[in-house]
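> Protein chains in written order, with full-length UniProt numbering: chain A, 1 to 457; chain B, 1 to 457.
These are calculated hints, taken from the structure and not from any lab test. Mixed in with the good hints, there may be bad ones.
Which copy is meant is left open, so a pair is good if it fits within one copy or across any two.
Unchecked claim - As a list, the in silico DSS-like pairs of lysine-lysine whose alpha-carbon atoms are at most 25 Å apart: (1) K204 to K405; (2) K422 to K354; (3) K56 to K436; (4) K330 to K60; (5) K405 to K330; (6) K436 to K60; (7) K330 to K62.
2 protein chains.
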Amino acid sequence: MISEAIDDLRDLLGERLSTGTSVRELHGRDEAYSAPALPDAVAFPETTEEVSAIMKVCTKYKVPVVPFGIGSSLEGHVIPIHGGISVDTSRMNSVLEIHSSDLDAVVQPGVTRTQLNTELRDTGLMFTVDPGADATIGGMAATRASGTNTVRYGTMRENVLALEVVLPDGTVIETGSRARKSASGYDLTHLFVGSEGTLGIITKLTVRLFGQPEAILSATCAFETIEEAVHTVILAIQIGLPMARIELLDEVQMRGMNTYNPDMDMPEKPHLFLEFHGTEAGVREQVEQFEAIAEDLGVSGFSWATKAEERNRLWQARHNAYYAGKSLRKGCEGMVTDCCVPISALADCIAHTKKLIAQSGLIAPLVGHVGDGNFHLLILVDPESEDELARAKALAEAVSQTALKFGGTVTGEHGVGTGKMKYMEQEHGAAYALMKTLKQAVDPLNLMNPGKMVAQG
Amino acid sequence: MISEAIDDLRDLLGERLSTGTSVRELHGRDEAYSAPALPDAVAFPETTEEVSAIMKVCTKYKVPVVPFGIGSSLEGHVIPIHGGISVDTSRMNSVLEIHSSDLDAVVQPGVTRTQLNTELRDTGLMFTVDPGADATIGGMAATRASGTNTVRYGTMRENVLALEVVLPDGTVIETGSRARKSASGYDLTHLFVGSEGTLGIITKLTVRLFGQPEAILSATCAFETIEEAVHTVILAIQIGLPMARIELLDEVQMRGMNTYNPDMDMPEKPHLFLEFHGTEAGVREQVEQFEAIAEDLGVSGFSWATKAEERNRLWQARHNAYYAGKSLRKGCEGMVTDCCVPISALADCIAHTKKLIAQSGLIAPLVGHVGDGNFHLLILVDPESEDELARAKALAEAVSQTALKFGGTVTGEHGVGTGKMKYMEQEHGAAYALMKTLKQAVDPLNLMNPGKMVAQG
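All chains, please: the whole structure from these sequences, using the hints.
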């Protein structure tokens, strides 16, 4: 059946349907530590109509479909574990509309976050969600991504206002509208945000924009202990300080930062990387309030970045934390965890996690979007060592269990893919059965990214 | 079958299952202008387990179930148009947990918004969603309610973090967690928020809290024309002014306010009612920025309320706008519209709506949460006049069509119920069929609030 599907798709797309090995290999993996698997072919649609036609062909021949943005997912989301057609949205990469008065933009799914911000530069507006990778907006919506300034501006959950989606049978639907709120019917937008391509293919997104702040101030500061850093964060959140970014990097990660960034030489202690947005006066006031809290908790070495250039260097370094962490050990692979707990549990959860790392005997730098209660370990492993891989998996497993024990979730922002499926039953209980019911209803043939998130059959 | 269900429910609930006429009549209507219909019985569960047992009985005998909060809905949501059991959650009215560090609270569905805020008073925290009525939090989640300070703090969509829900077959599920964000599975929380009791009964809610602001300043100001008032709002939103409230009342509504509130004597011109939250300095800065915009647009008569007492009087008057509107015409009934459009379309949409009102020959004061693009008419009709009723319905219909024409929604915050069902196909197109698919999957026997939002069969 797959060969007939490929024939039909070639008629439809011509050269934009590829069965070449190198193209298939590029669509057979993501940035996770998961075994690759090749699609039978890769389709490069340019329009919603083409995506709809692709879905109709794949439904006709019962061929799996795996939506693909840029391949930066971290839990195996885009790996075609059952073969089929990888639908690459990279040619659907136009910013279609920018509505300055409404603070929103309409984009195609293949637009990346930096592309959108580049096109927005002269408007005085910005798109705020910033995962480490320069992901596509479509992929970010599909995984409910977030990033360093979620604490102020929200995740994709808060930043997607409306979607156009192609359903498994090829039907094109629009969810939501550009109105700021609505009480009209089921919230389909949120059903598709975070659905990881298991219910349909996102072909258009209306995303929320914010005004570029009048004043921006970034800073780094160090603490003697990770507990003091986390307690500073908790207090700042509690008094309602509208911080734009508040990121934790532990002493191990700081060593990696110094190693990886030739011009960086910071104390190898737990750090917070901060950013404040507002009016000139407002930012000054936030900074004063933050300093007062941090000083009570033994902060040292505030370093302020007021110039755009310094700020960009700082946040570029933060976005490259993954590579900085990996630089701590030559030739290693990195296994990333993604625990998120209520803020009140964060200090205890991190303390427990640090014990687990020590017990594992592995190196695992810690970075966290701590204003959201979310932190990651980058567990460094020698990919040749069975023993290390086993210990790394055991550590990652223990971290996920810790998240659940503290009332949290096994994934704050990376998603489920194949990597986190084993925890779904435990995390969601009877609600997981309802997720399967929804999947079955929307995709009865189980063609959309099969084997991800919700196990069928 | 209903009599057997009632027998089983009486065994379960004893005196807390009522078939008395007066109790049934209280559960046979809401605040909408819709024909009442009586439930066969009213159940008053006290625990989630009892709600689950009720659902199992009703599923066994295929009896409709209509969840009931306090009856303040406006589109016929709680009217048992197919009879069955009204499940009144008023005895599930405990605030179960308050987590100050996490800025959230766990409440039962029958807790009202003012009850929650009363219990929060000493914590320095507040629950922000404030529809006109003192609705239950469960009902507010079910209708995706919002209110006067949504522009700053969001609707129930943004303020519900997690839910416990009893499904039609009696299964109890938990959606979400107290973690601030998650990428773990389908977003069931948002599926139930706004589902109007058609998918299950909400038995517990985790809601977001905010710190009470250090400084609050309220004001009213007048404009010569409604366009100037709306343009002031648009500009304030565009520059990112974090206003807590920005409400429009037209000249007709202002006449009603003066009539209804004995101590009020304000110019009968279009007004904005404003509130600013922040630090002392932050509020001053916001006020200066707002005044600069408003003065360019011909504002007059700023009146500032700095004392809590004055502020409360102002917002109490705003919350009673419905009754103030009705006071314009003795013995009249009010028909309420609920249009919401993108902010950029708001001025044109309101101008068009004012023309429609003039054409109708009816009195219809206008109030709006204009920072959200949402406004209501209260169309005043003599309930004895067939002709007036027909004109009022035609006007409401035209307003809904206007909302759709301007890229908006027929309901910003009141919900669909029975009143807005006729627009669903037009507003949502093919997406409405998907809503029906979801309803069918979750509630295959169509027992949950049947005949509302999604037409089955």
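> Please go over all the hints and tell whether each is borne out by the structure.
Right, here's what the structure says about each hint:
1. K204 to K405: between (38 Å within a copy, 20 Å between copies)
2. K422 to K354: Cα proximity of K422 and K354: one copy only (23 Å, versus 57 Å across).
3. K56 to K436: For K56 and K436, both the intra-copy (23 Å) and inter-copy (21 Å) Cα distances are at most 25 Å.
4. K330 to K60: Neither way: K330 and K60 sit 49 Å apart in one copy and 64 Å across, limit 25 Å.
5. K405 to K330: neither (34 Å within a copy, 60 Å between copies)
6. K436 to K60: both (23 Å within a copy, 23 Å between copies)
7. K330 to K62: This pair counts as neither: shortest intra-copy Cα distance 44 Å, inter-copy 65 Å.
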